[in-house]
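There are 4 protein chains.
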Amino acid sequence: MSLDEIRSRLRQFAAARDWEQFHTPKNLAMALSGEVGELTALFQWLTPEQSVVATHDPDRAAKIEDELADVLLYLVQLADVLGVDLLAAGEAKIARNETRFPVSPS
Amino acid sequence: MSLDEIRSRLRQFAAARDWEQFHTPKNLAMALSGEVGELTALFQWLTPEQSVVATHDPDRAAKIEDELADVLLYLVQLADVLGVDLLAAGEAKIARNETRFPVSPS
Amino acid sequence: MSLDEIRSRLRQFAAARDWEQFHTPKNLAMALSGEVGELTALFQWLTPEQSVVATHDPDRAAKIEDELADVLLYLVQLADVLGVDLLAAGEAKIARNETRFPVSPS
Amino acid sequence: MSLDEIRSRLRQFAAARDWEQFHTPKNLAMALSGEVGELTALFQWLTPEQSVVATHDPDRAAKIEDELADVLLYLVQLADVLGVDLLAAGEAKIARNETRFPVSPS
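Residue numbers (UniProt numbering), protein chains in the order written: chain L, 1 to 106; chain G, 1 to 106; chain P, 1 to 106; chain Z, 1 to 106.
To be clear, the hints were calculated from the coordinates, so they are not data collected in a lab. Heads up, the beta-carbon is just placed ideally off N, CA and C, and yes, glycines get one too. Any given hint might turn out to be false.
Just the calculated beta-carbon pair ranges, DEER-fashion [claimed, not checked]:
| hint | chain 1 | residue 1 | chain 2 | residue 2 | range |
| --- | --- | --- | --- | --- | --- |
| 1 | G | Q12 | Z | S2 | 52 to 60 Å |
| 2 | G | S8 | P | Q50 | 20 to 28 Å |
| 3 | G | D4 | L | A15 | 22 to 30 Å |
| 4 | P | A88 | G | W19 | 34 to 42 Å |
| 5 | L | S2 | G | D18 | 27 to 35 Å |
| 6 | G | Q21 | L | Q12 | 21 to 29 Å |
| 7 | P | A16 | Z | S2 | 22 to 30 Å |
| 8 | Z | A62 | P | P58 | 23 to 31 Å |
| 9 | L | A15 | P | V52 | 24 to 32 Å |
| 10 | L | Q12 | G | D4 | 45 to 53 Å |
| 11 | G | A92 | Z | S104 | 38 to 46 Å |
Below, computed lysine to any residue pairings styled on SDA-like, alpha-carbon distance capped at 25 Å [unchecked claim]:
| hint | chain 1 | residue 1 | chain 2 | residue 2 |
| --- | --- | --- | --- | --- |
| 12 | Z | K63 | Z | E38 |
| 13 | L | K63 | G | P102 |
| 14 | L | K63 | Z | P48 |
| 15 | G | K93 | G | V81 |
| 16 | L | K63 | Z | F101 |
| 17 | Z | K63 | P | P102 |
| 18 | L | K63 | G | A88 |
| 19 | P | K63 | P | P48 |
| 20 | Z | K63 | Z | R9 |
| 21 | L | K63 | G | R96 |
| 22 | Z | K63 | Z | A14 |
| 23 | L | K63 | P | A41 |
| 24 | G | K63 | L | A88 |
| 25 | Z | K63 | L | F101 |
| 26 | P | K93 | Z | A14 |
| 27 | P | K63 | L | D66 |
| 28 | P | K63 | Z | D4 |
| 29 | G | K63 | G | R100 |
| 30 | G | K63 | L | D85 |
| 31 | L | K63 | G | V84 |
| 32 | L | K63 | G | R100 |
| 33 | L | K63 | L | V52 |
| 34 | G | K93 | G | D4 |
| 35 | G | K63 | L | K63 |
| 36 | Z | K93 | P | S104 |
| 37 | P | K93 | G | E38 |
| 38 | P | K63 | P | K93 |
| 39 | G | K93 | L | F101 |
| 40 | L | K63 | G | P105 |
Produce the complete structure using the sequences and hints provided.
Dropping the structure here:
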């Protein structure tokens with residue numbers, strides 16, 4: 001499934017439940033923020049080293065995947081209601097970062 | 001550019017700058033959280049109605065696209081270092097949500 | 001109970017459980033971030049007008065108080081481990097804001 | 001300056017600028033979230049050990065104090081518009097945590 005297909009599926013999901021009325025950019029930004037908070041909480045007491053192997057524990061892996069998914073889904077919906085092409089925005093930002101942080105000559 | 005291509009480009013970007021050492025899941029979760037904070041701040045004083053047309057102002061639209069991109073790029077990197085397939089996780093979550101929130105019969 | 005007394009009580013709480021080892025500024029910043037995410041989530045689908053009367057519902061009021069408390073407690077602990085006087089920092093910031101945003105003459 | 005005095009000063013500050021109209025709980029929760037994002041960003045690339053001494057650098061210390069203050073000020077305003085006594089809520093939560101996480105007998 002591509003990001004475009006996820007966007008379409010989320011549109012249908014919201015339309016079928018008459019939830020589009022709740023999906024203003026303001027509300028979706030808050031929902032995104034809430035899900036990122038839940039994701040962050042999964043790593044808060046781990047050392048950086050423990051965080052690297054966090055998915056080795058199946059229960060924790062399932063929670064992490066679930067929260068990563070929630071973040072992705074709200075991000076896709078937020079970009080969609082704003083009319084922003086998320087992949088194009090991401091590509092443009094990578095290009096800006098490549099100029100902003102040049103590679104040191106070795 | 002697909003999400004897979006963005007992931008590859010971000011891997012190359014980090015490797016070329018020797019930044020992989022900083023990209024633990026713990027650090028990337030914090031970076032994601034910081035960017036979502038910046039994104040949220042763009043909508044904090046807008047009414048829901050104003051947020052719907054937020055991208056009509058070109059300056060604000062550029063800032064919003066920039067922050068959406070930052071969120072996407074850290075999300076992709078976080079999933080990558082954790083070995084999570086972001087699109088598969090998103091698809092699985094949509095499927096769970098479709099079961100969890102059945103459409104009311106009309 | 002004053003903010004100073006809350007800080008003392010939190011120090012005792014952590015010491016009695018040998019949790020001080022987890023209370024690095026980095027970890028506490030993440031914990032604070034997670035709690036703010038939970039607090040934000042309580043308001044995400046409310047209109048601004050509904051948010052004004054959110055505490056009229058006793059169940060929601062209890063959740064809001066609980067999350068506000070969590071945010072306060074992590075904020076106090078974070079300032080404490082960093083050696084920052086939270087009230088002095090707040091007072092200094094108000095003074096800066098009063099200069100930065102002068103009142104319009106009427 | 002006590003937390004009560006900070007609350008009074010913030011009320012006057014908002015009233016003098018006619019900003020009370022923007023201070024719905026929904027908006028203030030977003031503002032709080034944005035400030036916590038900025039605070040988190042100050043620690044994102046630090047190791048836990050580096051975060052412990054983060055305030056030893058005067059420039060970084062000033063930024064950290066500034067962000068801690070911003071978080072405190074929005075938290076106080078959010079509790080205020082909701083009619084929640086922040087210190088009482090914090091004290092009640094500590095009491096619940098003391099019951100929830102009993103100290104192990106040694």
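Comparing the hints with the structure gives:
no.: 1; hint: G/Q12 with Z/S2: 52 to 60 Å; in the structure: holds, 54 Å
no.: 2; hint: G/S8 with P/Q50: 20 to 28 Å; in the structure: violated, 44 Å
no.: 3; hint: G/D4 with L/A15: 22 to 30 Å; in the structure: holds, 28 Å
no.: 4; hint: P/A88 with G/W19: 34 to 42 Å; in the structure: holds, 37 Å
no.: 5; hint: L/S2 with G/D18: 27 to 35 Å; in the structure: holds, 32 Å
no.: 6; hint: G/Q21 with L/Q12: 21 to 29 Å; in the structure: violated, 42 Å
no.: 7; hint: P/A16 with Z/S2: 22 to 30 Å; in the structure: holds, 27 Å
no.: 8; hint: Z/A62 with P/P58: 23 to 31 Å; in the structure: violated, 43 Å
no.: 9; hint: L/A15 with P/V52: 24 to 32 Å; in the structure: holds, 30 Å
no.: 10; hint: L/Q12 with G/D4: 45 to 53 Å; in the structure: violated, 24 Å
no.: 11; hint: G/A92 with Z/S104: 38 to 46 Å; in the structure: holds, 39 Å
no.: 12; hint: Z/K63 with Z/E38; in the structure: holds, 10 Å
no.: 13; hint: L/K63 with G/P102; in the structure: holds, 23 Å
no.: 14; hint: L/K63 with Z/P48; in the structure: holds, 24 Å
no.: 15; hint: G/K93 with G/V81; in the structure: holds, 20 Å
no.: 16; hint: L/K63 with Z/F101; in the structure: holds, 23 Å
no.: 17; hint: Z/K63 with P/P102; in the structure: holds, 23 Å
no.: 18; hint: L/K63 with G/A88; in the structure: holds, 14 Å
no.: 19; hint: P/K63 with P/P48; in the structure: holds, 18 Å
no.: 20; hint: Z/K63 with Z/R9; in the structure: holds, 22 Å
no.: 21; hint: L/K63 with G/R96; in the structure: holds, 14 Å
no.: 22; hint: Z/K63 with Z/A14; in the structure: holds, 24 Å
no.: 23; hint: L/K63 with P/A41; in the structure: holds, 18 Å
no.: 24; hint: G/K63 with L/A88; in the structure: holds, 14 Å
no.: 25; hint: Z/K63 with L/F101; in the structure: holds, 23 Å
no.: 26; hint: P/K93 with Z/A14; in the structure: holds, 14 Å
no.: 27; hint: P/K63 with L/D66; in the structure: holds, 23 Å
no.: 28; hint: P/K63 with Z/D4; in the structure: holds, 23 Å
no.: 29; hint: G/K63 with G/R100; in the structure: violated, 35 Å
no.: 30; hint: G/K63 with L/D85; in the structure: holds, 14 Å
no.: 31; hint: L/K63 with G/V84; in the structure: holds, 12 Å
no.: 32; hint: L/K63 with G/R100; in the structure: holds, 17 Å
no.: 33; hint: L/K63 with L/V52; in the structure: holds, 15 Å
no.: 34; hint: G/K93 with G/D4; in the structure: holds, 19 Å
no.: 35; hint: G/K63 with L/K63; in the structure: violated, 32 Å
no.: 36; hint: Z/K93 with P/S104; in the structure: violated, 41 Å
no.: 37; hint: P/K93 with G/E38; in the structure: holds, 20 Å
no.: 38; hint: P/K63 with P/K93; in the structure: violated, 29 Å
no.: 39; hint: G/K93 with L/F101; in the structure: violated, 36 Å
no.: 40; hint: L/K63 with G/P105; in the structure: violated, 31 Å
The structure fails hints 2, 6, 8, 10, 29, 35, 36, 38, 39, 40 (numbered hints given earlier, in ascending order).
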